[in-house]
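Q: Read off the chains here:
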Amino acid sequence: ILNVEQSPQSLHVQEGDSTNFTCSFPSSNFYALHWYRWETAKSPEALFVMTLNGDEKKKGRISATLNTKEGYSYLYIKGSQPEDSATYLCAPPGGSQGNLIFGKGTKLSVKP
Amino acid sequence: KAGVTQTPRYLIKTRGQQVTLSCSPISGHRSVSWYQQTPGQGLQFLFEYFSETQRNKGNFPGRFSGRQFSNSRSEMNVSTLELGDSALYLCASSPVQSTDTQYFGPGTRLTVL
Numbered sequence: 001i002l003n004v005e006q007s008p009q010s011l012h013v014q015e016g017d018s019t020n021f022t023c024s025f026p027s028s029n030f031y032a033l034h035w036y037r038w039e040t041a042k043s044p045e046a047l048f049v050m051t052l053n054g055d056e057k058k059k060g061r062i063s064a065t066l067n068t069k070e071g072y073s074y075l076y077i078k079g080s081q082p083e084d085s086a087t088y089l090c091a092p093p094g095g096s097q098g099n100l101i102f103g104k105g106t107k108l109s110v111k112p
Numbered sequence: 001k002a003g004v005t006q007t008p009r010y011l012i013k014t015r016g017q018q019v020t021l022s023c024s025p026i027s028g029h030r031s032v033s034w035y036q037q038t039p040g041q042g043l044q045f046l047f048e049y050f051s052e053t054q055r056n057k058g059n060f061p062g063r064f065s066g067r068q069f070s071n072s073r074s075e076m077n078v079s080t081l082e083l084g085d086s087a088l089y090l091c092a093s094s095p096v097q098s099t100d101t102q103y104f105g106p107g108t109r110l111t112v113l
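Residue numbers (this note's numbering), protein chains in the order written: chain A, 1 to 112; chain B, 1 to 113.
Any given hint could turn out to be false.
A few chain A residues facing chain B, derived, Cβ under 7 Å [to be verified]:
# : residue
1 : Ser43
2 : Ala46
3 : Val49
4 : Asn99
5 : Phe102
It is worth saying that the hints were derived from the structure and are not from the lab. Values in this document were obtained by computation on a predicted structure and should not be read as measured data. In this text, a Cβ means the ideal position worked out from N, Cα and C, and glycines have one as well.
Start from the sequences and build out the full structure, keeping to the hints where you can.
A: Put into structure tokens, the structure is as follows:
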């Protein structure tokens with residue numbers, strides 16, 4: 001079973017702070033990594049799908065990088081806002097048929 | 001396009017009962033995956049259906065089962081409920097592969113007393 005680790009488990013920052021967190025996954029047989037944002041009382045929402053080593057994706061103030069050789073991805077949030085408060089999940093495919101395996105997430109709280 | 005819908009949104013059952021949850025995917029999506037979310041455990045994969053066939057299965061006991069209909073709607077059934085089955089059950093649909101971007105429903109919150 002694929003082991004997906006996310007750190008830190010939780011993060012508390014002030015509005016305007018920039019922050020980043022990590023997703024670690026086995027680098028063998030890699031072919032994609034998904035990032036999702038899950039706000040309280042809502043459904044998880046896709047942020048990025050990353051496939052190539054060195055990939056960098058950006059969506060507004062949120063960006064992500066990928067290192068498939070060493071098996072990690074970073075998610076960065078520049079100038080955090082209270083509306084960025086959510087749990088951020090990463091998920092590489094890992095099941096026998098390629099189903100996504102989700103990490104436990106990093107819970108971000110941004111104080112105004 | 002309408003999003004993924006799940007019914008019911010909340011459910012209270014007692015131990016030993018059985019329950020059926022329903023998921024309607026986004027129109028045109030053929031893959032439906034089910035997840036269980038409990039505090040501290042994250043999203044645990046239950047199973048995935050594609051074209052009315054279970055294509056992939058997670059590590060859950062046989063009390064958890066599902067099916068998919070010809071219109072891609074899916075149901076999940078849990079028999080002989082246990083207290084530990086209390087959780088948020090999410091379904092997600094994707095066009096073809098479960099490794100495509102998944103679109104999640106709002107979930108069904110199941111409480112077992």
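Q: Each hint should be assessed against the structure and marked as holding or not.
A: Structure-based check of all given hints:
Because the beta carbon of A:Ser43 sits about 4 Å from the nearest beta carbon in chain B, less than 7 Å, this interface hint is met. The interface hint given for A:Ala46 holds, since its Cβ lies 5 Å from the closest Cβ of chain B, which is under the 7 Å cut-off. Interface hint status for A:Val49: upheld, as the beta-carbon distance to the closest one in chain B is roughly 6 Å, under 7 Å. A least Cβ separation of about 5 Å between A:Asn99 and chain B falls short of the 7 Å threshold, and the interface hint therefore holds.
For A:Phe102, the shortest C-beta to C-beta distance to chain B is roughly 4 Å, which falls under 7 Å, so the interface hint holds.
Consistency with the previously given hints is maintained throughout, with no hint failing.
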